[in-house]
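Let's have the full structure, built from the sequences with the hints guiding it.
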Amino acid sequence: MEKNAQSSTASKRSSRPMIVGGVAAIAVGSALLWASETGGNLPGAVAWGVWGAGIAMLCVGSIRNRKELKAAAASAGQASAAAGAPRADASQAAEKDGTGSVEALVQRSDDVVASLRDLVSHGQASADYGMLPALLVRSGLMDWEGAPRFTANRLRRNRRWWMSCDVDELTEEGYDRLIALEGALNLAADLAEGACPDGTSGQERIEALFRGLAGLSPLPAPKDRPFPAGEKDGEWATRLALSEWLENLPAPFRVVSAFQLNLDEGLACVDVAVPSPSCLALVAPDDEVRQAAEARRYAWRLALLVARGAFAASSRIQRVGVNCVSHGAHETLLSLLVGRGELDSLLAGAAAADAEPVPARNCRLDVAGDGRMLPVDALLARSDERLNPASRWDAVELDPMDASAAVREACGAVRVSDLGINENARRVAAWNRLAGTLGATTADAVARLMATRDASEDQTVREACSRTCQALVDGAVDASDHQALALAFVLGGPLDQAQRQALDLAGQDAGPADLERALGLLDAALVPLAQAGSYADGPTRVFRYFNSAAERVRFNRTVADGRDVVLVPDAYYAAHSLAARVLTQLGRAEEAQVHADELARVAPVTPDAALSRVRVLEAQERIFECVDVLIDAMGYAATAREMSICLYRLAYMEWRLGRSRLAVACYERSMRLHGEIASQAKEELDELLDSEPGLSRLDPEECARELSAAGIPLGDADGARRTMEDAAAACVDARLMGISRAYLAVALEVDRDDALLGVYRSLASVSPEG
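Numbering (our numbering), first residue to last: 57 to 826.
Rather than coming from a laboratory, the hints here were simulated on the basis of the structure.
Among the hints, erroneous ones may be present.
As the list claims (entries may be wrong) - Cβ-Cβ distance ranges computed for the label pairs, FRET-style:
#	residue 1	residue 2	range
1	506	229	56 to 62 Å
2	565	531	28 to 34 Å
3	204	742	28 to 34 Å
Computed from a prediction, not measured in an experiment: that's the story for all the values here.
Don't be surprised by glycine CBs; every beta carbon is placed ideally from N, CA and C.
Set out below in structure tokens:
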């Protein structure tokens, strides 16, 4: 997880950073994966300090949400003919039966449906395109009027076609047609590459392909993408094996799945989407009754195939649930719950032409009069408590136990709590226990809060109970307003309130008087803390702030000196950051230096603190020192995003020092490291190139030479990714799922591998509602 987006980016056209609400509005990359998947109570690993800092956060829906159809999966972008064929003789078959021609035609098209319609009109007599024209005609897919513009790629892992379109969301009918189009392309490729050669006709070969679905084998995993091994037969290795199985399956239709497992219970559960009956027109054109039957058979065979993968992932898995779900409504249409010893007998009959799922002890389905499957209750749901023991997502900050040897090696943590970054974790946990128990009246809520205060040994929880009671008694909040109560409880202290009020005053349109008032509020809150030495380091403990879980790992592995680490409140960091910014805006940069230095002390591996310091130094025209600070920050930046932002700021500083070619190199490398600010960096780079005719773009080798000669780190994004993957593997095996997921979010920013993404998704606790 990453707490906020406090990045002090700047345009080279101005001597002052581009600021929105006091903080540059650059969205958190890893949080895009993570933030939207929390719900219900206060998320235990979310820093509410984000609100206090006034950060603009961007969120997306669940991974592979249908709105993702406007952009293909990242792995599809990596697909190419060079990725390797699924069969040894595929290249020869492609030469003979047209796979290469089809792939070239489709991948080079900006409107796949239009290109295929053109193919059907002109290419049916040509052997260059194999059976694809006939498949498209017989399925009726070319009758799609008003189809959006699609692009397509073959996925790197399973060589299946993945299509994406330029609209936010397709209708259900449109989605079914998309799935059927992908299926037609996949079938044509399989037949061209020699699948089911014993069939005497194309129809027989197609039917044989579908009959053999349950016995399908995944393609080999890419050799150029190794992952941490983790414990032998442990949770990490099992999740990775199952995810790779699912992602590498060359099934006729796209395999969209999500899973959860618990080796301690010997259980695994997979939800997998199944095509609607209309997609099976590829097997049974113009026969809706048979299409419904083929859809049932496809779901049955797919469920058995998925169960095979789950059992193959670990010998410790003894029972597997597979739920075949519909797209859109996500209703379970077929549910399988099978033991390890039961699967072989079910597989034995799956290849029969008339193989049908039959309601039984281990299979649940309901069939309408027209043959379509109706919604049923799952025999085992991913939200089952046995698959989601709450302890796996407990806040690491509250766990005093010794870290495992693997966690210690990968994360530098002596205790599990050494992984934590949220000072408010204990208050969040206390509130989550209180939520739903406060009653309907003020008296009920006060009584419950007072009981919690008296029972708690944590001073911050006791203070939270007292101030929330006071707010209720004073009428500042209503007992029915649980959101306001939560804010008062978790972030209602004097420093939090002062920081929020000051942030409101110091908005974009703030004048000098507003800024002075904001500064007065901050000083009133911060000066007493400094005088009391509330967060002063000592011989046995230090007070530190971390902006992300990745930063904490970097600190543990490189900076920690054996003293106990006490986390400072987010509001303390945010207040000093805001004070530094306000003083700089008021032209009092020398005074702002005190706050910038305090940020650097409490956050020694936080690039955001370095960027705040750079802003203060820049206001004093100390540009050479700005360069030194940014180069130093490049050395400890824990994510590709942070490296990119530091280089982006370096580009401006090098330009200020007259080193324009070096500025170009910084821009170039910044854009290659991370895409978040690439458009802004390119705009400024283009302006720089236009203003100095002797300059030109640099290729990666030239860029590396320029940066190395100047002593500027290139930014080891792959190294950061490997560190995060190692940390995730160790923590998954230690049953620390929440923090593991935060690490994988960072790794996925560098390489959005679909198998790793599947593991990432499996690390979310699944509620019955979700």
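How the hints compare with the structure:
Distance hint check for residue 506 and residue 229: the Cβ-Cβ separation is about 58 Å, which falls inside the suggested range of 56 to 62 Å. At about 32 Å, the beta-carbon gap between residue 565 and residue 531 stays in the expected band of 28 to 34 Å. In this structure the supplied range 28 to 34 Å holds for residue 204 paired with residue 742, their Cβ-Cβ distance being about 32 Å.
Going down the numbered hints, you'll see the structure goes against none, and every one checks out.
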